[in-house]
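Asks: Can you build the whole structure from these sequences, using the hints too?
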Amino acid sequence: DTAVSQTPKYLVTQMGNDKSIKCEQNLGHDTMYWYKQDSKKFLKIMFSYNNKELIINETVPNRFSPKSPDKAHLNLHINSLELGDSAVYFCASSQVGTGRGYGYTFGSGTRLTVV
Amino acid sequence: GNSVTQMEGPVTLSEEAFLTINCTYTATGYPSLFWYVQYPGEGLQLLLKATKADDKGSNKGFEATYRKETTSFHLEKGSVQVSDSAVYFCAEGGGGGNKLTFGTGTQLKVEL
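Taken in order, these protein sequences are the chains called D and P. First residue of the first sequence: 530, per the working numbering; consecutive thereafter. First residue of the second sequence: 2, per the working numbering; consecutive thereafter.
Treat the hints with caution; some may be incorrect.
[Claimed, not checked] With a cut-off of at most 25 Å between alpha-carbon atoms, the simulated DSS-like pairs for lysine-lysine come out as follows:
{"no.": "1", "chain 1": "D", "residue 1": "K570", "chain 2": "D", "residue 2": "K581"}
{"no.": "2", "chain 1": "D", "residue 1": "K538", "chain 2": "D", "residue 2": "K573"}
{"no.": "3", "chain 1": "D", "residue 1": "K600", "chain 2": "D", "residue 2": "K569"}
{"no.": "4", "chain 1": "D", "residue 1": "K570", "chain 2": "P", "residue 2": "K78"}
{"no.": "5", "chain 1": "P", "residue 1": "K78", "chain 2": "P", "residue 2": "K53"}
{"no.": "6", "chain 1": "D", "residue 1": "K565", "chain 2": "P", "residue 2": "K110"}
{"no.": "7", "chain 1": "D", "residue 1": "K551", "chain 2": "D", "residue 2": "K600"}
{"no.": "8", "chain 1": "P", "residue 1": "K61", "chain 2": "D", "residue 2": "K570"}
{"no.": "9", "chain 1": "D", "residue 1": "K538", "chain 2": "D", "residue 2": "K551"}
{"no.": "10", "chain 1": "D", "residue 1": "K569", "chain 2": "D", "residue 2": "K581"}
{"no.": "11", "chain 1": "D", "residue 1": "K573", "chain 2": "P", "residue 2": "K110"}
{"no.": "12", "chain 1": "D", "residue 1": "K570", "chain 2": "P", "residue 2": "K53"}
{"no.": "13", "chain 1": "D", "residue 1": "K569", "chain 2": "P", "residue 2": "K110"}
Note that these hints are calculated values from the structure, not bench results.
Replies: Quick look at the structure:
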């Protein structure tokens with residue numbers, strides 16, 4: 530059973546389109562995240578939800594909108610895609626308390642290519 | 002905000018060589034510290050962790066010791082294998098909102 534699953538794994542789309550990436554976790558975790566990994570492997574947090582409530586919203590263009598229908602799901606919708614949005618997007622989940630040693634469980638990533 | 006600094010890669014080693022990847026953090030107090038590994042085409046996997054000063058995390062022959070006095074969490078392995086080729090990320094978890102702060106990653110390539 531996959532703990533954190535993302536779909537699709539690959540997404541190729543044209544500039545200006547709108548697309549969504551879905552994420553689901555079956556670990557019973559309370560917190561879910563979206564990270565963006567650029568071509569140099571740098572990881573940047575975008576959003577974090579705790580039990581459906583937005584708790585981290587880093588400086589991200591408002592073309593990106595997360596939605597959490599329940600604590601097991603966190604989706605990412607992107608409007609008006611731009612070339613610079615090309616990256617790998619990772620979903621992750623965790624128990625509350627990274628300071629107490631709870632790390633993240635990551636999905637396998639969605640490689641978004643905007644042409 | 003908090004930051005994590007890792008040595009820049011890529012690091013290229015011969016099989017059975019000794020590995021050290023340096024990591025330092027800036028968070029105050031006693032954050033939890035982590036090493037993650039990312040194999041090609043995959044997501045990040047937790048490799049090891051430590052939650053308090055002088056703790057040693059270990060897994061699959063890798064070790065790292067939480068050094069509060071030097072704010073460091075260096076990753077070591079005595080004898081690397083070709084299968085260890087991957088990108089390694091150091092991270093600290095002590096920030097608000099359950100946030101993990103990652104280093105920039107260090108690519109390791111092990112050759113025969």
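Asks: Work down the list of hints and note, for each, if the structure agrees.
Replies: Against the structure, the hints come out as follows:
1. D/K570 <-> D/K581: Cα-Cα ~28 Å, so violated.
2. D/K538 <-> D/K573: holds, 19 Å
3. D/K600 <-> D/K569: violated, 31 Å
4. D/K570 <-> P/K78: Satisfied, since the Cα-Cα distance of roughly 22 Å is no more than 25 Å.
5. P/K78 <-> P/K53: holds, 21 Å
6. D/K565 <-> P/K110: Judged against 25 Å, a Cα distance of about 24 Å means the pair holds.
7. D/K551 <-> D/K600: holds, 13 Å
8. P/K61 <-> D/K570: At roughly 23 Å apart (the allowed maximum being 25 Å), D/K570 and P/K61 satisfy the hint.
9. D/K538 <-> D/K551: holds, 10 Å
10. D/K569 <-> D/K581: Given that 25 Å is the threshold and the Cα spacing comes to 31 Å, the pair is violated.
11. D/K573 <-> P/K110: With Cα atoms ~24 Å apart, D/K573 and P/K110 stay inside 25 Å; holds.
12. D/K570 <-> P/K53: violated, 28 Å
13. D/K569 <-> P/K110: Status holds; Cα separation ~16 Å.
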